[in-house]
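**Q** Please build the complex by placing chain U on the supplied structure of chain B, with the hints as guidance.
Chains B and U are the protein sequences, given in the same order. The numbers in the first sequence follow my numbering, run straight up by one, and end at 291. The numbers in the second sequence follow my numbering, run straight up by one, and end at 297.
Keep in mind the hints are simulated off the structure, nothing from the lab. Note that the coordinates shown come from a computational prediction; the quantities given were computed from them, not determined experimentally. Among the clues, some could well be false.
As the list claims (entries may be wrong) - Mimicking SDA-like on lysine to any residue, the simulated pairs with C-alpha atoms at most 20 Å apart in a straight line are: (1) B:LYS179 / U:LEU286; (2) B:LYS179 / B:GLU94; (3) B:LYS179 / B:THR198; (4) B:LYS179 / B:GLY144; (5) U:LYS61 / B:TYR135; (6) U:LYS61 / U:GLU76; (7) B:LYS179 / U:GLU283; (8) U:LYS61 / B:PRO128; (9) U:LYS61 / U:HIS74; (10) B:LYS179 / B:ARG95; (11) B:LYS179 / B:THR101; (12) U:LYS61 / B:ASP127; (13) B:LYS179 / U:HIS285; (14) U:LYS61 / U:PRO72; (15) U:LYS61 / B:ASN129; (16) B:LYS179 / B:THR38; (17) U:LYS61 / B:PHE130; (18) B:LYS179 / B:PRO206; (19) B:LYS179 / B:ARG190.
What the hints assert, rightly or not - Residues on chain U that point at chain B, a partial pick, calculated with CB under 7 Å: (20) ALA42; (21) PRO60; (22) PHE123; (23) PHE279; (24) LEU281.
We treat Cβ as the ideally placed atom computed from N, Cα and C, and that holds for glycine.
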Amino acid sequence: MTTRGRRWLPFLFLTPALALLACFVFYPVVSAAVTSLTNWNGISETRDFIGLRNYAELLVDPAVLRAVGNTLLYVALTLPASLVLAFLAALAVERSSIASTVLRMAFAVPFVISIPVVAIVWVWIFDPNFGLLNYVLSVLGLPGQSLLTSSSTAMLGVAIPSVWRQFGYFMLILLAGMKNVDPTYHEAARIDGAGAATRALRITLPLLGPQLFFCLVLGVIDAFQVFAQVDLMTQGGPLESTDVIVYELYQQGFTYFHIGYACAMAILLMLGLGLVTFVQQRWLGSKVFYQ
Amino acid sequence: MTTTRSAVLLDRVAAPAMSRGRHRTRLRVLRTLSATLKILAALIMLFPIIWMVLTALEPPKAAVTWPPTIIPAHWEWQNLLRVGRAGPFARWYLNSLIVAVATIAGNLLVGIPAAYAFARMRFRGRNALFLVVLGSLMIPGEVLLVPLFVMLSGWGWVDSYQALIVPFIANAFVIFLLKQFFEGVPAELEEAAVLDGCGPIRIMRHVVVPLAVPALAVSAFLTFISSWNSYLYPLIVTRSESMRTVTVGLSLFRSENGTDWPMLMSAATLIALPAIVVFLLIERHLKNTMAFSGMKG
Numbered sequence: 001m002t003t004r005g006r007r008w009l010p011f012l013f014l015t016p017a018l019a020l021l022a023c024f025v026f027y028p029v030v031s032a033a034v035t036s037l038t039n040w041n042g043i044s045e046t047r048d049f050i051g052l053r054n055y056a057e058l059l060v061d062p063a064v065l066r067a068v069g070n071t072l073l074y075v076a077l078t079l080p081a082s083l084v085l086a087f088l089a090a091l092a093v094e095r096s097s098i099a100s101t102v103l104r105m106a107f108a109v110p111f112v113i114s115i116p117v118v119a120i121v122w123v124w125i126f127d128p129n130f131g132l133l134n135y136v137l138s139v140l141g142l143p144g145q146s147l148l149t150s151s152s153t154a155m156l157g158v159a160i161p162s163v164w165r166q167f168g169y170f171m172l173i174l175l176a177g178m179k180n181v182d183p184t185y186h187e188a189a190r191i192d193g194a195g196a197a198t199r200a201l202r203i204t205l206p207l208l209g210p211q212l213f214f215c216l217v218l219g220v221i222d223a224f225q226v227f228a229q230v231d232l233m234t235q236g237g238p239l240e241s242t243d244v245i246v247y248e249l250y251q252q253g254f255t256y257f258h259i260g261y262a263c264a265m266a267i268l269l270m271l272g273l274g275l276v277t278f279v280q281q282r283w284l285g286s287k288v289f290y291q
Numbered sequence: 001m002t003t004t005r006s007a008v009l010l011d012r013v014a015a016p017a018m019s020r021g022r023h024r025t026r027l028r029v030l031r032t033l034s035a036t037l038k039i040l041a042a043l044i045m046l047f048p049i050i051w052m053v054l055t056a057l058e059p060p061k062a063a064v065t066w067p068p069t070i071i072p073a074h075w076e077w078q079n080l081l082r083v084g085r086a087g088p089f090a091r092w093y094l095n096s097l098i099v100a101v102a103t104i105a106g107n108l109l110v111g112i113p114a115a116y117a118f119a120r121m122r123f124r125g126r127n128a129l130f131l132v133v134l135g136s137l138m139i140p141g142e143v144l145l146v147p148l149f150v151m152l153s154g155w156g157w158v159d160s161y162q163a164l165i166v167p168f169i170a171n172a173f174v175i176f177l178l179k180q181f182f183e184g185v186p187a188e189l190e191e192a193a194v195l196d197g198c199g200p201i202r203i204m205r206h207v208v209v210p211l212a213v214p215a216l217a218v219s220a221f222l223t224f225i226s227s228w229n230s231y232l233y234p235l236i237v238t239r240s241e242s243m244r245t246v247t248v249g250l251s252l253f254r255s256e257n258g259t260d261w262p263m264l265m266s267a268a269t270l271i272a273l274p275a276i277v278v279f280l281l282i283e284r285h286l287k288n289t290m291a292f293s294g295m296k297g
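Chain B on its own, in the form it takes in the complex:
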């Protein structure tokens, strides 16, 4: 091969990937940013440049503010629970044995099931008339529930399946971190008389800082993008109590065709997620203990 051919070869190798990314990722982002400055409705030929008016409206739009609040509630209901369960699950399956392998698989497998499937299975479990949950409650002598039809509990109903599906994935991340914990720490602590619970809390937990932090960042990003659960379980209701950011964005863009407005929401979501990630990196990242 000639030198000249070699010089061009890398670009030949890279062109398909870069061209596709440019066309289907970078161009659309720029396009979204530009459209967010217009009042386009998706149908009309003309679009007026209205500057930052969409953004100004967004920040005081009660529907949007409610969606942000609902999303934060979803984060609060899912993320701490997922992290705690993931840590406990990782401790439970850490040692290698057949039972541990089975349990590890059981924890991890829900994560590969698509969210619409998970959502619909849990709608059936929560069914107020014939659902499994109410049967279990009645056996225990507790009153039945109707989680998804009450505006005060619907978000909990959306959160439970999410936690069930998510924490096994976090567990896998934590397990990868546990492999790197130097066993001599545990041995030293054991010789000093520390029990298993103490060692889990005082040695394993702090040394898992980076992995827990990674789960936290991933979890926040995922939670802000929640959509399918809401669409299948509650359609944002009852009384908009589960109307989250992406659901609101979807409605603005594809039900009301407020294209410019939806683009502004999308751009704000992107900036918001970027900011959250950055703050987490800066603030928490510096406090995480790296081995």
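**A** Same frame as chain B, now just chain U:
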């Protein structure tokens, strides 16, 4: 927490005063206990999936009884066929399969050369270009929805396989994963190939790619899961019933057969099945890569 508790007990067991025989018996009892608890926990964790399958195989009327039928009196395998015949479910399934397979093929075809260039070739702007590729991971998919839809409508791509496949062919994460793997391939192997007169393309095809089969399998798995499970995007870029994917179809099914739970659970089971099977096959290869994948549903 079973490990923790048994480990606490094990510490006590290890007390030197204990005789050897008793020690061993107690150890065995504890192991059995811990294993039993773990299997029990696994069953509880999997119960929603088990419940889905049990309902899927119930006669339609048995689902709406109180108390719920846990184990169906007879297994209604017909339900699975009923789903296949109900509306375009079989077509949706086929659509999702076509899209997933084509996306995987595209991912590898585009990703392998790109990753190889980043891992092994020297050229100006390499690091900057790699950062650009990684930068695409920072952009949430929702931002792209509206502009992609507008763009694809303009091209007349709405309601087509292209719309479901082409935008996902270049995947920065796959490129990243493969690059990491290619960098781990010993350079000596490639040097030997160079001495034998191989050019870069042959080295990539005959030396590096065969060694990378596990990484390729993991990439294919991750692509399969995200393609098979995606929901919001196909919901937006498909219109006609025959172009829906299986996840969107499930949602339509639900609005049409709202209370036919055995039918809905049969559909759900059929959708979950390939993902679970593929996961069980590949789980042992995932340990290291999955942790950094940021795989999403």
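**Q** Any of the earlier hints contradicted here, and which numbers?
**A** 4, 16, 21, 24
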